[in-house]
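Novice: Put together the whole structure using the sequences plus the hints.
Protein sequences, first through last, are from chains A and B.
Residues 1 to 336 (the working numbering) make up the first sequence, in order.
Residues 337 to 672 (the working numbering) make up the second sequence, in order.
These aren't lab readings, by the way, just hints derived from the structure by calculation.
Heads up, a few of these hints could be off.
What the hints assert, rightly or not - In the DSS-like style, the derived pairs of lysine-lysine whose C-alpha atoms are separated by at most 30 Å in a straight line are: (1) A:115 / A:269; (2) B:339 / A:115; (3) A:336 / B:532.
2 protein chains.
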Amino acid sequence: VSKERITETAHYLDTLTKPPGSLGRLEEIAKQLAGITDQGVPQVSPPGILVFAGDHGIVEEGVSAFPQEVTVQMIRNFLDGGAAINVFARQIGASLQVVDVGAAGEIDDDRLVTKKIAAGTANFLKTDAMTEAQMEAAILAGAESANTMIARGIKCLIVGEMGIGNTTAASALVAVLTGCSVEQTVGHGTGISAEKKLHKSRIIEEAIRLRDPNPDNPLNVLKKLGGYEIAAISGAILAAAQAGIPVIMDGFICTSGAMAAVRLNPYIKDYLFAGHVSQEPGHKMALEDIGAAPLLDLGLKLGEGTGAALAFPVLEAAARMRSEMATFDEASVTNK
Amino acid sequence: VSKERITETAHYLDTLTKPPGSLGRLEEIAKQLAGITDQGVPQVSPPGILVFAGDHGIVEEGVSAFPQEVTVQMIRNFLDGGAAINVFARQIGASLQVVDVGAAGEIDDDRLVTKKIAAGTANFLKTDAMTEAQMEAAILAGAESANTMIARGIKCLIVGEMGIGNTTAASALVAVLTGCSVEQTVGHGTGISAEKKLHKSRIIEEAIRLRDPNPDNPLNVLKKLGGYEIAAISGAILAAAQAGIPVIMDGFICTSGAMAAVRLNPYIKDYLFAGHVSQEPGHKMALEDIGAAPLLDLGLKLGEGTGAALAFPVLEAAARMRSEMATFDEASVTNK
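Specialist: The following block contains the structure:
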């Protein structure tokens, strides 16, 4: 990011008709956007949303509230415009692209971008979730998807996901990468019972013991315990940062993918905004670990990119504040 | 509010393609909107913003960071479209009306609605801020302003204010109405020093002692320590609730006006959304007192209606979620 643009923006914001600092985090966001984009007057519209979909072998172990078939059913719902993320995408004027990087079923629909690496990851209780080559292919698929959207002119990337079982993978990743206990990173997902949650924790603990990932090597952790959509998110974030495009992360799963990207390159965190903090307990740990403060706290636990899309208007407001407000001089207002 | 509509909406939301409750506060908002509007499919667009402006005699005591002339200068800035609230109004497609209920100076501009009660309140360290008749006129001016906007078709009312010295009035009101100490309700306003803040607290304490308001009578408190814009906000809120129109409160000053309205009629609180929690410490007290949880926490301390306007997209998202999302049946998605 450009430190000069940040300093220049900080000075400019104090000339606007408001007490210094009175727009709080909006002022911080405006500075960060200037730094990321290296633009004096950064824009975030139009935004683009990438929803990466993948299935998880670990669902065999009975860790999820919904059956695996829901991943493909929800992909169809996204394509037909009926899911929550579609509603919020229309509200903010975002283009939305669904990318199948690893759904277990086949979808024949030309509105879907198919970059399928495999029909779901392997059950990571029994073997690594992905091979090294598969993981790399998923990261590349994410990066390509982001670059395509960026080439089409989006000014802000919103990342989301769909994948039955993916809070299990994210809990495992976040536990290993942060050093937290599994119990601290496991939540109720889309609605499992207390008993099933305990089972989910035990499965993850056993899997971590058996896979024995190297916590200092994010790619090793991703390969052993991750998911195709999670690896794709890491890749999309790396590509957006490379292009100077701000990224809004969604919830727990997205943030686990972002963590892997940040471990690969710590500067990536300067390009990230945390859309919200979800009900999944591990999300807070992951956000703290990468030093990202959430913009919203609305008790969401849906995924798809919904929390990030809901937070987009805050970034839009920060950008407009920078470009549209009058200065004390322009408005002939007395500065104290 | 309609309890039937709330129950009906609660059932409907569980048929939508998302785990039950996974949209968190958005689901609560959708239910509340259905109750307020008595509509199965409530709408909040287009929104309308009322910015009430008034001056405060108490500024003679040196309680504010900016000189009194800034109230009139900022009214001109609002009319010219250069203030923060103008920027955020354009972003959300809101009509914006500035209403002069008590500015100290004259503004000759036909874009301004003039319902001036007096050229600023009296210095409440020396006498009551307003007479009974003035206070009633200000409440009526607020109600009329809201009713005019509602007649023009707005579906959600955003209330904001401008008035140098008005955090002093709000701190006094909130201290008396909640029973908190003045020290707990006084903050740095638009940017005073620690020393000046102590002075501000002492002035307020002394004024409360001298005016001796009746904490059980909100109109008595408002008359003795309030402001024209604050009384107008109370009136606007009462009118909007009467018309079944949801209201988004802005910050500390708005919430002090809302408190008076809620004390007059406790059912009013069901019509209110707290846009955000500001940096002024008394705001949190006031919100807790009326049982309103803020939608945003962005460290704002500007007023004008900015925090409420920034929160509007959350209400819009809740309304769209209710009206646009597909059900499990419609989308052929397996419900657990």
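Novice: Check each numbered hint from earlier against the structure, then list the numbers of those it violates in ascending order.
Specialist: 2
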